[in-house]
Amino acid sequence: MDEHEILEVLKDAVVKGDEKLSTQKAQEAIDNGMDPYKCIKQGLSEGMAVISDLYDKRQVFVPQILRSARAMNMAVDILKPLLKFDASTSGTVVLGVVEGDIHDIGKNLVKLLCEAAGFTIIDLGKSVSIDKFVEAAKLNKADIVGMSSLMTTSMIIMPNIIEAFKENNLHCKVIIGGGAVSQSYADKIGADGYADDAAKAVKLIEKLVAEA
Amino acid sequence: MKEMTSRERFIAAINREDVDRVPIGPPFQGYWALDQMKVTVPDSIKDPKLAAEAQIAMVDKCEMDGFETMWDWLCPVEALGCTPDIPDVGAPSTAVHAIQSPSDLEGLEVPDPSCDYRAKSAFECTQNLIDHYGDEKFYYLTLVLPFTLVGELRGVEALMMDLFDQPDFIKDMLDLATDTINAYSEYLLGSGADGVCLCDPSASGDLIGKEDFQEFSAPYIKKCAKKVKKEGGYALLHVCGNTSDRLDVVADTGVDVFSQDFLVDIGHSRETIGDRLAVLGNVNPAETLFAGTREESLKETEECLRKSGGKGHILGAGCDIAPGTPLENILTWKEAIRNFQMG
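Residue numbers (our numbering), protein chains in the order written: chain A, -7 to 204; chain B, 3 to 345.
Pulled out of the complex, with its shape left as it was, chain A reads as follows (with noise of 0.2 Å):
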């Protein structure tokens, strides 16, 4: 197999979701001295991106984004301790559910495919309080912060958090998302930008950190 081939079954293998043959594959190119970064950037990573598209149309659901995820990671594992360099170089994301929510999927799939997409995570985990978003902004330099809440209970303490950043002078964009909350919402309380899924997530960053 020639290393586009490699490139075309790793991608394949994300995108089926099939973990067995994304590690044999990752095994294979690791002996035919490939380039791990470059299993991970054209092969893992666009098997990320096409699901996430899947994802987008309602073609795929959770479970197959998660399923992907296992593929992929456990692929980039075998590859990770002969990469030469630090691959995530696209900037840094700051993630956190916000304070009095526990609900993390949705954060966590924007993680996935942030790590997909080159970025480097701050995983803040659940329930983050405000200071712990704007500690970690601050420690991390943080390009973008991207906390989330389904519960409306939570939604309220977000203009609190980005009056933080401002207090704190923090330059940061922030962005939001999460079932609870909208584009009007983010509008609302002065946020730089909104997604209603993962996929559309991680466009907005990547346009966020052009921009900047």
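No lab work stands behind these hints: they were computed from the structure. All clues given are correct.
Derived DSS-like pairs (lysine-lysine); straight-line CA-CA distance at most 25 Å:
id: 1; chain 1: B; residue 1: Lys212; chain 2: A; residue 2: Lys8
id: 2; chain 1: A; residue 1: Lys118; chain 2: A; residue 2: Lys180
id: 3; chain 1: B; residue 1: Lys336; chain 2: B; residue 2: Lys63
id: 4; chain 1: A; residue 1: Lys180; chain 2: B; residue 2: Lys301
id: 5; chain 1: A; residue 1: Lys199; chain 2: A; residue 2: Lys158
id: 6; chain 1: B; residue 1: Lys173; chain 2: A; residue 2: Lys8
id: 7; chain 1: A; residue 1: Lys8; chain 2: A; residue 2: Lys33
id: 8; chain 1: B; residue 1: Lys212; chain 2: A; residue 2: Lys192
id: 9; chain 1: B; residue 1: Lys122; chain 2: B; residue 2: Lys51
id: 10; chain 1: A; residue 1: Lys192; chain 2: A; residue 2: Lys133
id: 11; chain 1: B; residue 1: Lys212; chain 2: A; residue 2: Lys49
id: 12; chain 1: B; residue 1: Lys51; chain 2: B; residue 2: Lys40
Here the structure of chain A is known, so what remains is to put chain B in place on it, guided by the hints.
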């Protein structure tokens, strides 16, 4: 048309018969009403009478025709061995999941709901409310469905992977969950409530596809609805997310009412399944009711009524009324209904 009582109106709407006006059924006002009346969730469990008084205050103000007399819909989760996080405001969540591996399931048995302190509290609260209103209102109990219950026992992400890795294991868990919920329905309907609002948020149209819904959620909805009906109750169903592509599957479950998320166009569901069941909903609970103005709430409610045409429709929110939602926004419902000419 002669003026109906709330209860007559609600039941006529369920049966898609003529009504004097569209009934109001929140569908989930419990936690909101507690918060409006400054009753904490732990206190509401300890003192069901206090909890009932909070509901009465809001039911009267908003002129609700039917309402939930039990909102602690996830109580079986604790009875099955998970550690809950019970906040002062809003619904409890699951902090520690009971089933980490298939062997954990073997040790689990269907709990006795009459020994569950939270179910007992809901039972008493229901009786308090029925004592207060008698035949005037329609009372329902809100209860989790098997797919979502398994998600709480197992963790939702783990459940999503189980769909591929160990579907038989899911079905074993679903069987236990079904037996549990049916035991709760039987016990709780003994309070005198009229029905059960069965909820499957983890089977959301935004989380799983139609095929998985058909295989892992719908058959169990059917079993739970059948049990509710066997006990003489009405079966209401709430599924979150955009379920527009699977309304036929929803109707096939045999429930009497579908409480739909705001993401489903109510005109579309009336057209698609309106001859088979009643629809409940579906004003946007977050953007409009919670964060919007009185005018926006009124406008969207009027639009909702216009789309449904009124018949076979119970007016409510597209999901739970979140604690902190302004009362004046919910008050627009009765105003919209008064102004509405039935189609």
